[in-house]
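Enquirer: If you want the building blocks of each chain, they are given just below.
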Amino acid sequence: MAFFPHLLLATLEGLVTSAVLALTALGLSLVFGVMRVVNVAHGEFFMLGAVLAWAITTALGGHPAIGFLLALVVSPLIVGTVALVAERLVLRRLNYNPEATIVATIGMLYIIQQAALTLYGPDARPVEPPFSYRILLPWFGYSGYKLSIVAASILLLLATWFVLTRTKIGLIMRATQYDRETAQAFGIPVDRVYAGVFALGAMLAAVAAVLVVPISQAHYLMGLDPLLLSFIVVIIGGLGSLRGTVVAAVLIGLSDGIISVFFSPTLAKMIATLLVALVLVFRPQGLFGTAAR
Amino acid sequence: MAGNRDSKSLLNGTLSRRAALKGFGAAAGLALAPGYVRYAQAQSSAPIKIGFQAHRTGIGAAYGRWYEKTTTAAVKAINDAGGIGGRPIEIVVEDDGTDPKRGAEVVGKFATQHKTDIVYGTLFSHVVIGSAPTAGELKIPYYVVSEGHHVASTKLNRYVFQPGITDVKSQIQAMAPWVASNVGKKVTMIFPDFAFGHDHRDYLPPALKAQGAEVIAQIAIPPTESSFTKYFPQIPAETEVIYHVMVGPAVLTFVKELGEFYGSNRPQLFGFIDSLEAVDINSPGLEFLDGSHFWEGSPRYAQENDSEAQKAYRAAVGIDDNGAAVGDPKDVSTAAHMFGCWETLYVIKKAMEDAGYKGPEDRAKLVEATEALTKFDEGPEHPQGDKIFNGKIHQCFGHQNISKVEGGKLKVVHRTSIEEGLYEPEGDYTTMPL
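First to last, the sequence lines map onto chains S and H. Residue numbering for the first sequence is 1 to 293, as defined by the UniProt record's numbering. Residue numbering for the second sequence is 1 to 434, as defined by the UniProt record's numbering.
It should be emphasised that the hints constitute simulated quantities derived from the structure, not laboratory data. From the three backbone atoms N, C-alpha and C, an ideal C-beta is built for every residue, glycine too. Any given hint might turn out to be false.
[Stated by the list, open to error] Pairwise CB distance ranges, derived in the manner of DEER restraints:
1) G327(H) <-> L280(S): 51 to 57 Å
2) T273(S) <-> A217(H): 39 to 45 Å
3) D321(H) <-> L70(S): 52 to 58 Å
4) L117(S) <-> P380(H): 52 to 58 Å
5) V85(S) <-> G327(H): 45 to 51 Å
6) D321(H) <-> W139(S): 37 to 43 Å
7) K155(H) <-> T273(S): 29 to 35 Å
8) N305(H) <-> L69(S): 55 to 61 Å
9) D321(H) <-> R243(S): 55 to 61 Å
[Claimed, not checked] As a list, the in silico SDA-like pairs of lysine to any residue whose alpha-carbon atoms are at most 25 Å apart:
10) K269(S) <-> K69(H)
11) K186(H) <-> G141(S)
12) K69(H) <-> T118(S)
13) K76(H) <-> G427(H)
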């Protein structure tokens, strides 16, 4: 294949990865930024979103688009509820202690994963894309649905940005992130903000999973890769920085796509990991993060 | 941040550590107790215990489920007909998570804890390779249904057998002439980057070269990969045939993305059905497969010339004419491989009866009796077809099927002879000490 189509394919693949990654990592980053909780179970919320999408589309039948759109709404809501319950039952009782919550979320990871294995089974199951349009380029074909993932992700990211910077809820969240005690002194219900943020973080992962499941498949072990990549993105972008997360997701996604296509996927993973190490050594707060106060 | 550390910790709840430990102890005691009282009766009527190392979870789960169904059906058939030497078979299942490390532990558990007579049933080649040394150390016969060349390579040990399914090296050698003369001469290979895929990587190029064809590119894909489009640009433009063999939960994605990439304007495809085992070939997005060819050990779809034995086997295992579970057309089987479980269990029965097997003290005799086998005739015990067995390399050799996708079904268009798949043995297990 000639250089230009080769590069085009690499970029397209990279953009799709970036789009999904940005949403997933944003959830992780938000939870850390506001709550200072490292949520190791984040990948399992992703997996849960995909598995629920399968359950919803299968239960509904009919045209794949109907089931898919319903899954896009219902699946994140259910995942958000699960996260909310987990937050109330576990994280709050640990008083959001950073060390204890890491251990607790590792526990949640296994509970959710094994519950999925028990109830859903060990098989990988496909979800039909809402439409199957194949874009015919002169050199190769490309899935139209994959490009729609990129568009959907951009819309969702804009919506999140709007909520965080232009609404009262966003203001409250940012105030809590900036200084928890002062926010509380000004009458902000920090406790409820935490619960909401944790649920929102999980919902972002679930939305990303519903978007991606028609091009991969729902499987109980699918949460691991998104978790690792999200951590990479969040560390590079700076924990708690929305802009940093998006920039890092695009960076990692595109470099993953381009290096994978031109060289090898293993090399892409190696370079991403190396980048994390370099960032941790030379700029521990991340590219766009602010130094810890 | 460090300031809000709270004295509340994990252990300060209402449950004390001592109480929790007592509870665990009691539970463990209860779980272990029944093992000591079961089958204390005379050995002659006690069941023969076969440890089934099953891929219930992990990347091999779809195969594992059908291997278990086939095993259950075969055990029922054997037991209904009087068992092995008058003793019924009891299957003890342990999940290995399709993980080599866990696989070795499971073999150890069968030998020392469950005290099974033998271990059986593993598919994934990396699990076989990981488990075989343990079987050798514990001197417990280990009958695998794996398809990999590792057993026949004589690199494992004297306790490992593969009597129910032909190995990859033989399959490739048998099919290469047909591929070279009917599909194309310039071949690009796509295979999983672990032991099973490496068998394909190593044995296809020489087999094709002998037929005047050549492998022009080899693309290795990590077995846990979930997205494949990024690998396709590596396929050279002059490729006439894409030879694909993929495994794991993402196989459907692989084939779909191949379709999106090429559309109908594709090179010829020759695949191992592994790329679509347990997947409906009529899934949306797979239309482009029409006219392509697949290897099948045993055909998924019922064929016009099926033998009575094949029909009876399909009915016993519970698959319909489309190779899906009876009553659930979406639950597609792993028909191309799972027949090996059925046939392996009958080989075990034959070998145990030949050896006059009584209990674990006769394991060495069982190994020798298995090595003494030379051929298996087609029939109810071997519904896939007749086979010959080479006791020196612990490997059987059978017929291979090449099927074409036509009208949403797989139709067998060529069946290789056993002779086409024979090769010079690379070693001799029988010279190793028992």
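Enquirer: Which numbered hints turn out to be false for this structure?
Expert: Violated: hints 2, 3, 4, 5, 8, 10 and 13.
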